[in-house]
Amino acid sequence: MSAESNLQSLSIELPPAPEPMGVYKPIVIVDGLAYLSGHGPLNADGSLHKGRVGAEVGEEAGYAAARQTGLAMLATLRSELGSLDRVKRVVKLLGMVNSSADFENHPTVINGCSELFADVFGSEIGVGARSAVGMGSLPGNISVEIEGIFEVGS
Amino acid sequence: MSAESNLQSLSIELPPAPEPMGVYKPIVIVDGLAYLSGHGPLNADGSLHKGRVGAEVGEEAGYAAARQTGLAMLATLRSELGSLDRVKRVVKLLGMVNSSADFENHPTVINGCSELFADVFGSEIGVGARSAVGMGSLPGNISVEIEGIFEVGS
Amino acid sequence: MSAESNLQSLSIELPPAPEPMGVYKPIVIVDGLAYLSGHGPLNADGSLHKGRVGAEVGEEAGYAAARQTGLAMLATLRSELGSLDRVKRVVKLLGMVNSSADFENHPTVINGCSELFADVFGSEIGVGARSAVGMGSLPGNISVEIEGIFEVGS
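Protein chains in written order, with the numbering used here: chain A, -16 to 137; chain Z, -16 to 137; chain C, -16 to 137.
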C-alpha cells in the first residue's frame, strides 16, 4: 500500500497546507532531505488546538493536537511534493509540547503524530528518530509544535 | 548583488566571531552543510542582550536580540568560510526565545534574524525552514539563542 | 587510539542501549549521518537521573546526568554500528536541560556529555557543534535530554 492509498483507506482528509506565520518557508529540500518548519495543530477551518498540556488541557487533548500537527505536516509535504508517495522515510522529529512544569508524559503526547505517520507510511519507514520535550511557551499558545526531517525521492 | 556587497551597501558591520562557551565548535561542515551551534545576541563590545522576553524585556528588545544573534551567526560563517558569498542557502533555523510562560509572539521575535538573512542573502536563498519557540531558560539569561543549518559551496 | 580502546583504557562500561519510550527508533542512519533520538540519563540498573537542575538538584548532578546521557548515546551507537570505531565525527548535539527559570549554566551541564565524547573520540572528531538550552519540562522529570547527529563510516 502506498501512503496516498493508505490515507484514502483510512478516510483521512488533510487540512490545507499552512501558510508561514513569519519569515520562513514551510519546507526546504536539499540533497534528498526535506526540512519541515515547526508546524502547529492547524484544523481544516483554520483554528488551532491551544492550551498548555497538563494545565489548561489534558494529555488526550495534547495527543489530538500532535495528531493534527502531523496532518498539517503531511499537507505541507503533499503540497510541495505533489504526492506523499515520494516520501521515502521519516528521518527525525522534534516534538515540542507546550506543557506545565510538572508534566511528564511528552512521549505519549507526541505519539499522536508518530502513530499517524506509522499508519500512513507503515511502521518501518513511517517511524524515525525523535525527541519529545516540554517548552516554556509556544506561539499563540498552541499545545504542540513539531518540526521534522524526511527523506524524499523523485 | 552578493551577500558581502549587500552587507556593505547596508552598512552592516559584523561583531567578532563568538568564542565557544563550552566544549563545542561554533560550526561544523559535513557534505556541504554547515551546522552552526546555538548562537547568542553578542554585541561588538562583547556584551549580550539579556532578559526574558515578555517579562524583563519587551518584544522589540527580543527582535533586536534575534537580529544581533543573526549578526553573530554571520560572523561565524564568514570566519569559517572566508566570505559569506560561499553560502548557497539558509536551510533551517531553530529560533529559541527566552520568554515568559504567557508569551505568544515568538515568530515576530525570530523575524529579527530572518529578516536580516533575507536582506543579506536575498529573499529566496536567505529564507529557509524555521521553528520559533519559547524556552524555559537560556544560558546567562540571554534573550534569544538560534542554531542553524546552511548549505555552503566552494 | 580508537574509540573502543579509549573506552577500555578509561574503564568506561556502557549501560544497555535504551529501549524506545514511544513510537520512534533510537537511531536512523541516512547518507552516512546517524540521527540519534533524544536520550535520557539512563543508568545500568535501568534507573534515571531525575530532578530539575537549579531547583531539585544542583549543577553537578546535572553534569553527571549529561555524562550518563552521553553513555546511553554511545550504547545506542555501538548497538547499531557494532563498534564505536565506525563513528567518524560528532556533528551536532542539542543539549536540553530540565532547569529552573533562573538557571544560567546550561553549557557547564551539557559539558558532562561533551567532555565524555572528547575523551572517547578525541578532541577533534569528538567535539562538534552544539546548543545547550533550558526546557520547561522533560519526560519523567529527567534532568537532561540530548539528541545528536553523528557522521558514520562503513
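Simulated from the structure, these hints should not be mistaken for laboratory data. As the structure is a prediction and not an experimental result, all values here were calculated from the model. Possibly wrong hints are sitting among the right ones.
For identical chains, the list gives no copy identity; a pair is met inside one copy or between any two copies.
[As the list claims (entries may be wrong)] Calculated pairs, SDA-like style, for lysine to any residue (alpha carbon to alpha carbon, straight line, at most 25 angstroms):
1) Lys71 - Gly41
2) Lys33 - Asp85
3) Lys33 - Gln(-9)
4) Lys33 - Ile108
5) Lys71 - Gly5
6) Lys71 - Glu43
7) Lys8 - Gly105
8) Lys8 - Thr91
9) Lys33 - Thr91
10) Lys33 - Asn(-11)
11) Lys71 - Ser83
12) Lys8 - Glu39
13) Lys8 - Glu42
14) Lys8 - Ser106
15) Lys8 - Glu107
16) Lys33 - Gly65
17) Lys71 - Asn124
18) Lys33 - Pro(-1)
19) Lys71 - Gly29
Taking the hints in turn, this is what the structure says about them:
no.	hint	verdict
1	Lys71 - Gly41	neither (34 angstroms within a copy, 43 angstroms between copies)
2	Lys33 - Asp85	both (19 angstroms within a copy, 12 angstroms between copies)
3	Lys33 - Gln(-9)	neither (28 angstroms within a copy, 44 angstroms between copies)
4	Lys33 - Ile108	neither (30 angstroms within a copy, 33 angstroms between copies)
5	Lys71 - Gly5	between (29 angstroms within a copy, 21 angstroms between copies)
6	Lys71 - Glu43	neither (30 angstroms within a copy, 42 angstroms between copies)
7	Lys8 - Gly105	between (27 angstroms within a copy, 13 angstroms between copies)
8	Lys8 - Thr91	between (29 angstroms within a copy, 15 angstroms between copies)
9	Lys33 - Thr91	both (18 angstroms within a copy, 19 angstroms between copies)
10	Lys33 - Asn(-11)	neither (29 angstroms within a copy, 41 angstroms between copies)
11	Lys71 - Ser83	neither (36 angstroms within a copy, 39 angstroms between copies)
12	Lys8 - Glu39	neither (31 angstroms within a copy, 31 angstroms between copies)
13	Lys8 - Glu42	between (30 angstroms within a copy, 22 angstroms between copies)
14	Lys8 - Ser106	between (28 angstroms within a copy, 10 angstroms between copies)
15	Lys8 - Glu107	between (28 angstroms within a copy, 10 angstroms between copies)
16	Lys33 - Gly65	neither (30 angstroms within a copy, 44 angstroms between copies)
17	Lys71 - Asn124	neither (33 angstroms within a copy, 34 angstroms between copies)
18	Lys33 - Pro(-1)	within (18 angstroms within a copy, 39 angstroms between copies)
19	Lys71 - Gly29	neither (29 angstroms within a copy, 34 angstroms between copies)
The earlier numbered hints that this structure contradicts are 1, 3, 4, 6, 10, 11, 12, 16, 17, 19.
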